[in-house]
Every structure is written in structure tokens, then in C-alpha cells.
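Participant: Listed below, chain by chain, are the residues.
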Amino acid sequence: DGGITQSPKYLFRKEGQNVTLSCEQNLNHDAMYWYRQDPGQGLRLIYYSQIVNDFQKGDIAEGYSVSREKKESFPLTVTSAQKNPTAFYLCASGATTGTQYFGPGTRLLVL
Amino acid sequence: AQSVTQLDSQVPVFEEAPVELRCNYSSSVSVYLFWYVQYPNQGLQLLLKYLSGSTLVKGINGFEAEFNKSQTSFHLRKPSVHISDTAEYFCAVRGSHGSGNTGKLIFGQGTTLQVKP
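Read top to bottom, the protein sequences are chains V and P. According to this note's numbering, the stretch in the first sequence is residues -4 to 106, in order. According to this note's numbering, the stretch in the second sequence is residues 342 to 458, in order.
Think of the hints as simulated: they come from the structure by calculation, not from any bench. From a predicted model like this one, the values you see are computed outputs, not experimental measurements. Heads up, a few of these hints could be off.
Below, a list of computed lysine-lysine pairs in the BS3-like style, where the Cα atoms sit at most 27 angstroms apart [stated by the list, open to error]: (1) LYS390/P - LYS52/V; (2) LYS390/P - LYS66/V; (3) LYS66/V - LYS52/V; (4) LYS78/V - LYS52/V; (5) LYS410/P - LYS399/P; (6) LYS9/V - LYS52/V.
Using the sequences and the hints, build the whole thing.
Facilitator: Shown next as C-alpha cells:
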């Protein structure tokens, strides 16, 4: 079954802790994206990667880091430098036409 | 720079009535346009897209949208809504190939469609 998976569905972060959100796709897409969604603010791009071993900052990259060691995987780390991490995080992968397909999301909450 | 404006943050409508969700964009290059739907606590699902060709695009769940280049609009319509259409709808734009665009989508703020019985 082709698609994008994100885990966990819910994630709790303690003060000063780094946490990593997983995103995997089996659509054979070269491009992958991470978005943050806050109520009333739409989607904001955190990082994106157009090819393995390469990635670029989006509009709100501060406090986040990513890696792209495999085509299928694009994990996002929310570092302790991100002071307001509570949000819904969405991963997407992109076809050559620019159509992006989204995973089910991870909700990050701060304890 | 590209931008997307969804003109209504909330649209209440009665079941079986028609609905139009408005989207305007600004761009100095030719574009691809998309509508996505998001149900509570879920990811975004592609409703329809305009890449080229016919300006009237049909999507899933009975939705359609019309690309109007002169008015830089891409409004979403459905002739008769159901309770199950209650969700958040997002319009998005990206530059078409050859414009130097990286494939990044620019999203509008979203429109909440509330279908009432």
C-alpha cells in the first residue's frame, strides 16, 4: 500500500529535550517537506529536501533540524532551542508535477 | 514572490445547498494550483489540481474549481454539500516548471466549511 507514514501520532516533550518525528514514504518521490500547522495560521514550511543528502531551510527553520540519508525517510528533530514547539506537524512528499501528498501528522505537546 | 489569499475564514452553509470557497493568488510566473481538504486531526488530502489545459477542473467528492488567469483566482465549488464535507479547505500555489521554482507550495490560511443540517 503506497503512502506516507508519520510516527508517533502524539508526542510529548519535556523542557530542554530534543525529540524526533519520523516520516517515511514509499511513493518513490525525490522531494520531501516538513510543515508546522498552528490554529488559524495555515501551514508553514520548516525544511524541505529535493534529493538525498541535501536539504534547505524553509520559512521557520530555527529550532529544528533534519536529515535525508535515504530517499524514503526525512526525520525532523525539534530541538530545545524551539521555545514554542506545541503544534501539529505534517510531512509531505512531492511528485515532479509539484503535487504534494501528506502524511497523517504528529501532534507535539509540551509537558 | 507568490502569495495566496483565501477570502473567507469560515463559510457556514446548509446541507444540500451550493457552496463556493474563494481563492486568489499573486504570482509573476505561470502557476500550478491546488485545493486540499483537512478533516480534524488528519493530514491534508488532495481534492483537485490545475496544471494546464482546461480551466475547469473536477476533483473528488463532487468538487470542482475554475482557473481564471485574468482574475488570478481558483475558486472551489460544489453544487450540493453534505454534512460530511465539514472540514478545513486549503488553496495552494507553486510556480510551474522552468520558472526556477523549487517545488515549494505556498498555502492560503484555510477556510472552514461548516455544513449545517
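Participant: Indicate, hint by hint, whether the structure satisfies it.
Facilitator: Now the hints, each set against the structure:
Taking the CA atoms of LYS390/P and LYS52/V, the gap is about 26 angstroms. The hint holds against a cut of 27 angstroms. Between LYS390/P and LYS66/V the alpha-carbon distance is near 25 angstroms, which keeps this suggested pair within the 27 angstroms criterion. Restraint check: the Cα-Cα separation between LYS66/V and LYS52/V comes to about 18 angstroms, which is no more than 27 angstroms; the hinted pair holds. A hinted pair counts as satisfied when its Cα atoms are at most 27 angstroms apart, and LYS78/V with LYS52/V qualifies at roughly 18 angstroms.
Proximity of LYS410/P to LYS399/P is assessed by CA-CA distance (about 17 angstroms); at most 27 angstroms being required, the pair is judged to hold. Straight-line distance between C-alpha atoms of LYS9/V and LYS52/V comes to about 25 angstroms, which keeps the hinted pair within the 27 angstroms bound.
Consistency note: the structure conflicts with none of the earlier hints.
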